[in-house]
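Kindly generate the complete structure, drawing on both the sequences and the hints.
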Amino acid sequence: MRGRVLALVLALIFSSSTALAAPNPKAGAPCSKAGLIKTFKGKKFTCIKSGRKLIWNKGEKTSFGYFEPGGSYSAPTQSASPIPTMTQVPVPTPTATAAASPTPTPTPTPTKTLSVAERWNATGSSALTILEKSFPAKPSAFPKVEIIWRYSDAVNIKIREEIAKHYAQTAEFWSAYTKIEGQLQVIVGTLDDIEFVCKWRDFHLQMNHQGCVKSFRTEKDRLWDAHTTQQGGKATDFYFMTAPSTLTMIDFLPRVQHEFFHNVQHAQTNRYKSIFPCWVEEAGAEYFGALVASKGDSETFIKLRYFSVSSNVGKIRNSTSSKEFWREWLYSTDMTSVKPGSSDWGCAPVQMEGLYDYGMLATEYLNQELGIPGILALYRDAGTLGWDKAIEKAFSKPKATIYEDIATYMDKEYRITVAQTWARNKCVREGMGLQCASGL
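Here the sequence shown is numbered in the working numbering, starting from 400 and rising by one per residue.
Careful, some of the hints might be misleading.
Taking lysine to aspartate or glutamate and the DMTMM-like style, the derived pairs with C-alpha atoms no more than 25 angstroms apart in a straight line are [said to hold, decoys possible]:
no., residue 1, residue 2
1, K825, D591
2, K557, E531
3, K811, D743
4, K694, D601
5, K694, E531
6, K633, E768
7, K532, E723
8, K633, D601
9, K557, D733
10, K672, E560
11, K532, D696
12, K722, E803
13, K792, E829
14, K557, E618
15, K714, D804
16, K537, D591
17, K537, E768
18, K598, E571
19, K798, D780
20, K738, D780
21, K796, D696
22, K532, D780
23, K578, D552
24, K557, E580
25, K738, D787
26, K443, E459
27, K578, D601
28, K598, D552
29, K613, E580
30, K792, D696
31, K672, E561
32, K578, E594
None of these hints come from the bench; they were simulated from the model. Everything numeric in this text was worked out from a predicted model, so none of it was measured.
Rendered as structure tokens:
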């Protein structure tokens, strides 16, 4: 039994060593058994019968690599679809995400509401800069004018009180600049009190005007009338109105200050009506009427000024504003209201050409260049030198050059003013007038 086992072991050892020692397959080399397959250097060899011999065929490439002797690895030479390499990507550890805080809605910055003065000054207009030169009002330097009041019994008490208040404020303003000699009589009657007014005007001025009653307007649709008369060093201002609502009509708002300014002009020279050009006499009173009535308030002044300057009357209605237009306008209004040997009002031919309205801009230019004291000095010089020489003295320029400068200013300010429709007053139409009871 031991002999058989030993023989079997020896046979196995021998066969293994033979297999291990068998030569590697090579094309055409003899092999031991048909059909035997061996893989060597990336080729699969098969033992085939060739004639009477068994030999290895040429071999076929395999898709697998192989180990060279010594342990190195050779990749397969056969073209094959590459096997994608799977790279292990580390899975990130999730972190707790804090609850998102809502993004606060930004609070809009409130838009600044510009004042009337800020809006107006932004236009490039000089109007408010010139206004500021006159306010705050200066303290009195001269005695206030003494006023004698004459009221018709039919006049509403509110009209009496309001007109008296306007005179007190206006007299206070002008007492800083000039003295008005003598007593000023102020007569207030209703629209039907023409005889009452004529009686007291003649009494105070020692007149005997036979045609007085017929010289005033009597049409039924009129709302108010206002005038001033100076004679013999005395003066009388007089008003016709019946309804208290007239006091808050926009064209009446600066009326007391307008009529009072004629007394300021008279105080500089009692010949002003026969010396001053119509635009100087009437537009000067209209400009300073609005200025004093505003009491320095920008909004009040701008709206009173806008109402006049944007009136769109006369030739400008069908014309384009230009320096040449306003230069011609100045010369066309360069006549006097009183002419020797005539009882007619000399300014009548140009009254509807915006005499009271556009001329405000011309006087505003004088105020810009000369100031109120300079304008009053110009008026005084006109009383002795005449208008042409007086204005040339004030500006040290020829009259033609001065009027050219005034026309340039008028063109600029007119264009600016009419474009600012936001400055239009809030008055409402009531009959023949614009009622401003709720404010400008």
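Here is how each hint holds up against the structure:
1. Between K825 and D591 the alpha-carbon distance is near 30 angstroms, which puts this suggested pair outside the 25 angstroms criterion.
2. In summary, the hint linking K557 to E531 is not supported, as the alpha carbons are separated by about 31 angstroms, beyond the 25 angstroms threshold.
3. About 34 angstroms separates the Cα atoms of K811 and D743, which puts this hinted pair outside 25 angstroms; it is violated.
4. For the hint pairing K694 with D601, the CA-to-CA distance comes to about 33 angstroms; that exceeds 25 angstroms, so the pair is violated.
5. The straight-line distance between the Cα atoms of K694 and E531 is roughly 11 angstroms, inside the 25 angstroms bound, and the hint therefore holds.
6. For the suggested pair K633 and E768, the alpha carbons sit about 31 angstroms apart, so the restraint of at most 25 angstroms is broken.
7. A distance of roughly 29 angstroms separates the Cα atoms of K532 and E723; the hinted pair therefore is violated under the 25 angstroms criterion.
8. Of the supplied pair hints, the one linking K633 and D601 holds, its CA atoms being roughly 11 angstroms apart against a limit of 25 angstroms.
9. Distance restraint check for K557 and D733: the Cα-Cα separation of roughly 39 angstroms exceeds the 25 angstroms cut-off, and the hinted pair is therefore not satisfied.
10. Only pairs whose Cα atoms come within 25 angstroms are accepted, and K672 paired with E560 is rejected, the gap being roughly 30 angstroms.
11. Taken as a hint, the K532 and D696 pair is honoured in the structure, with Cα atoms around 13 angstroms apart against an allowance of 25 angstroms.
12. At roughly 7 angstroms between alpha-carbon atoms, K722 and E803 fall within 25 angstroms of each other, so this suggested pair holds.
13. For the suggested pair K792 and E829, the alpha carbons sit about 47 angstroms apart, so the restraint of at most 25 angstroms is broken.
14. Proposed proximity of K557 and E618 is supported: the alpha carbons are some 24 angstroms apart, at most 25 angstroms.
15. For the hint linking K714 to D804, the alpha-carbon distance of about 21 angstroms falls within 25 angstroms, and the restraint holds.
16. Restraint check: the Cα-Cα separation between K537 and D591 comes to about 39 angstroms, which exceeds 25 angstroms; the hinted pair is violated.
17. Taken as a hint, the K537 and E768 pair is honoured in the structure, with Cα atoms around 19 angstroms apart against an allowance of 25 angstroms.
18. Note on K598 and E571: the hinted pairing is violated, with a Cα-Cα distance of about 29 angstroms set against a maximum of 25 angstroms.
19. With a C-alpha separation of about 15 angstroms, the suggested pair K798 and D780 falls inside the 25 angstroms cut-off, and the hint holds.
20. Distance check on the hinted pair: K738 and D780 sit about 20 angstroms apart at the alpha-carbon level, within 25 angstroms; holds.
21. For the suggested pair K796 and D696, the alpha carbons sit about 34 angstroms apart, so the restraint of at most 25 angstroms is broken.
22. A distance of roughly 23 angstroms separates the Cα atoms of K532 and D780; the hinted pair therefore holds under the 25 angstroms criterion.
23. Straight-line distance between C-alpha atoms of K578 and D552 comes to about 32 angstroms, which puts the hinted pair past the 25 angstroms bound.
24. Distance hint between K557 and E580 is unfulfilled; the C-alpha atoms sit about 29 angstroms from each other, more than 25 angstroms.
25. With a C-alpha separation of about 17 angstroms, the suggested pair K738 and D787 falls inside the 25 angstroms cut-off, and the hint holds.
26. Between K443 and E459 the CA atoms are separated by roughly 5 angstroms; this keeps the pair inside 25 angstroms, and the hint holds.
27. Among the hinted pairs, K578 with D601 is consistent with the structure: their alpha-carbon atoms are about 24 angstroms apart, no more than 25 angstroms.
28. A hinted pair counts as satisfied when its Cα atoms are at most 25 angstroms apart, and K598 with D552 qualifies at roughly 14 angstroms.
29. Among the hinted pairs, K613 with E580 is inconsistent with the structure: their alpha-carbon atoms are about 30 angstroms apart, more than 25 angstroms.
30. Proposed proximity of K792 and D696 is contradicted: the alpha carbons are some 33 angstroms apart, above 25 angstroms.
31. Restraint check for K672 and E561: not satisfied, since their Cα atoms lie roughly 29 angstroms apart, outside the 25 angstroms limit.
32. With a C-alpha separation of about 31 angstroms, the suggested pairing of K578 with E594 is violated against the 25 angstroms cut-off.
In this structure, the hints that do not hold are numbers 1, 2, 3, 4, 6, 7, 9, 10, 13, 16, 18, 21, 23, 24, 29, 30, 31 and 32, in rising order.
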